[in-house]
Amino acid sequence: MSKFTPFTLQVPERVRAMNASIKLLLIVREPVTRAISDYTQLRSHAATAILPLAERESSGSGAFASASAAAAQPPKMPSQSLLYAKLQAAHGYDNALVGGSGAGAKETKTKLSVAGRRQAGAGAAAGGTMTTTTPSPLASAAQMAAKSFEELAIFPNGTVNEAYRPLSISMYHVHLHRWLEVFPREQLLVVNGDRLIEDPVSQLRRIEAFLGIEHRVKSEHFYFNETKGFYCLRYDNGDRCLRETKGRKHPHVDPVVVSRLRRFFAEYNQRFYELVGEDLGWPEE
Numbered sequence: 001m002s003k004f005t006p007f008t009l010q011v012p013e014r015v016r017a018m019n020a021s022i023k024l025l026l027i028v029r030e031p032v033t034r035a036i037s038d039y040t041q042l043r044s045h046a047a048t049a050i051l052p053l054a055e056r057e058s059s060g061s062g063a064f065a066s067a068s069a070a071a072a073q074p075p076k077m078p079s080q081s082l083l084y085a086k087l088q089a090a091h092g093y094d095n096a097l098v099g100g101s102g103a104g105a106k107e108t109k110t111k112l113s114v115a116g117r118r119q120a121g122a123g124a125a126a127g128g129t130m131t132t133t134t135p136s137p138l139a140s141a142a143q144m145a146a147k148s149f150e151e152l153a154i155f156p157n158g159t160v161n162e163a164y165r166p167l168s169i170s171m172y173h174v175h176l177h178r179w180l181e182v183f184p185r186e187q188l189l190v191v192n193g194d195r196l197i198e199d200p201v202s203q204l205r206r207i208e209a210f211l212g213i214e215h216r217v218k219s220e221h222f223y224f225n226e227t228k229g230f231y232c233l234r235y236d237n238g239d240r241c242l243r244e245t246k247g248r249k250h251p252h253v254d255p256v257v258v259s260r261l262r263r264f265f266a267e268y269n270q271r272f273y274e275l276v277g278e279d280l281g282w283p284e285e
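The sequence shown lines up with residues 1 to 285 when you count with full-length UniProt numbering.
None of these hints come from the bench; they were simulated from the model. Heads up, a few of these hints could be off.
As the list claims (entries may be wrong) - In the PhoX-like style, the derived pairs of lysine-lysine whose C-alpha atoms are separated by at most 25 angstroms in a straight line are:
1) 218 - 23
2) 249 - 228
3) 228 - 218
4) 249 - 147
What the hints assert, rightly or not - Label-pair ranges, simulated between beta-carbon atoms:
5) 23 - 157: 38 to 48 angstroms
6) 158 - 218: 46 to 56 angstroms
7) 207 - 180: 31 to 41 angstroms
8) 207 - 237: 21 to 31 angstroms
9) 180 - 158: 30 to 40 angstroms
10) 162 - 218: 40 to 50 angstroms
11) 249 - 199: 16 to 26 angstroms
Remember, it's a predicted structure, so these values are computed and weren't measured experimentally. Ideal Cβ positions, reconstructed from N, Cα and C, are used throughout, including at glycine.
Kindly produce the complete structure, drawing on both the sequences and the hints.
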């Protein structure tokens, strides 16, 4: 599934307004595999960004007031974080990397708030000028990107971080439900993304049949790229693979965590199967 557009509530109606008979393709991967892949991509983007620090000076009681306001409101984005703003708008890195709900997230926010007030109070008591150096949103995102998938997906108390974006996007039935309220099921083809990677020809022929177009895809149009680990296209005048950002090696994830997440997604997957009338056979352990 796409990273943001299909999840907007108004999009299905807008699409129907443009073409009520449009045919929809939904390509989905096994949820945990997809989440790890998303984590890998998010981490790569954040790791290549510049990490500025926002210097903020305040004095006297003003320091305490500023810290209190910061604890109650989201911090203003520093001008040097424009790159982060663009990345955030396109990919939602803040929510994607951190999550934002659950006991673990609330505990972290509370500690940061208390620490900020203590530091500001100390500066005010001294009666002098206090310089505070706070990480910009971009720095925070990169710091979170340094965390392992296990740390981001599972809270210390063992519960799953459902607000962690790579996991929440994998709850396919939540996002698809809105589309099926607008379009009939026969206008949707569900494609197993893992099978598409392993056997592109058979899945593309399904797509051709669904779209009602001539079967033009053949086995000789593909070859397996050992370096990338998936199939690439072969043309008469050359070859073509997906861009360099595709085919990244996924980090090793603790099998216990993978099993925990698959059990977590089992119920969501069943709801998705019922919604589309098809069992994709994803593992539940």
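These are the hints, each one checked on the structure:
1. The hinted pair formed by residue 218 and residue 23 meets the criterion: a straight-line CA distance of about 23 angstroms does not exceed 25 angstroms.
2. For the given pair, residue 249 sits about 9 angstroms from residue 228 by alpha-carbon distance, which is consistent with the 25 angstroms threshold.
3. The hinted pair formed by residue 228 and residue 218 meets the criterion: a straight-line CA distance of about 21 angstroms does not exceed 25 angstroms.
4. Proposed proximity of residue 249 and residue 147 is supported: the alpha carbons are some 17 angstroms apart, at most 25 angstroms.
5. At roughly 45 angstroms, the beta carbons of residue 23 and residue 157 sit within the given window of 38 to 48 angstroms.
6. Taking 46 to 56 angstroms as the suggested C-beta distance range, the pair residue 158 and residue 218 conforms, at roughly 50 angstroms.
7. A C-beta distance of roughly 19 angstroms is found between residue 207 and residue 180, which places it outside the suggested range of 31 to 41 angstroms.
8. The beta-carbon spacing between residue 207 and residue 237, approximately 24 angstroms, falls within the hinted interval of 21 to 31 angstroms.
9. For residue 180 and residue 158, the Cβ-Cβ distance of about 34 angstroms falls inside the hinted range of 30 to 40 angstroms, so the restraint holds.
10. Hint check: residue 162 to residue 218, Cβ distance near 43 angstroms, so the stated range 40 to 50 angstroms holds.
11. Residue 249 and residue 199 have their C-beta atoms about 22 angstroms apart, which keeps the hinted 16 to 26 angstroms range intact.
Consistency note: the structure conflicts with earlier hint 7 alone.
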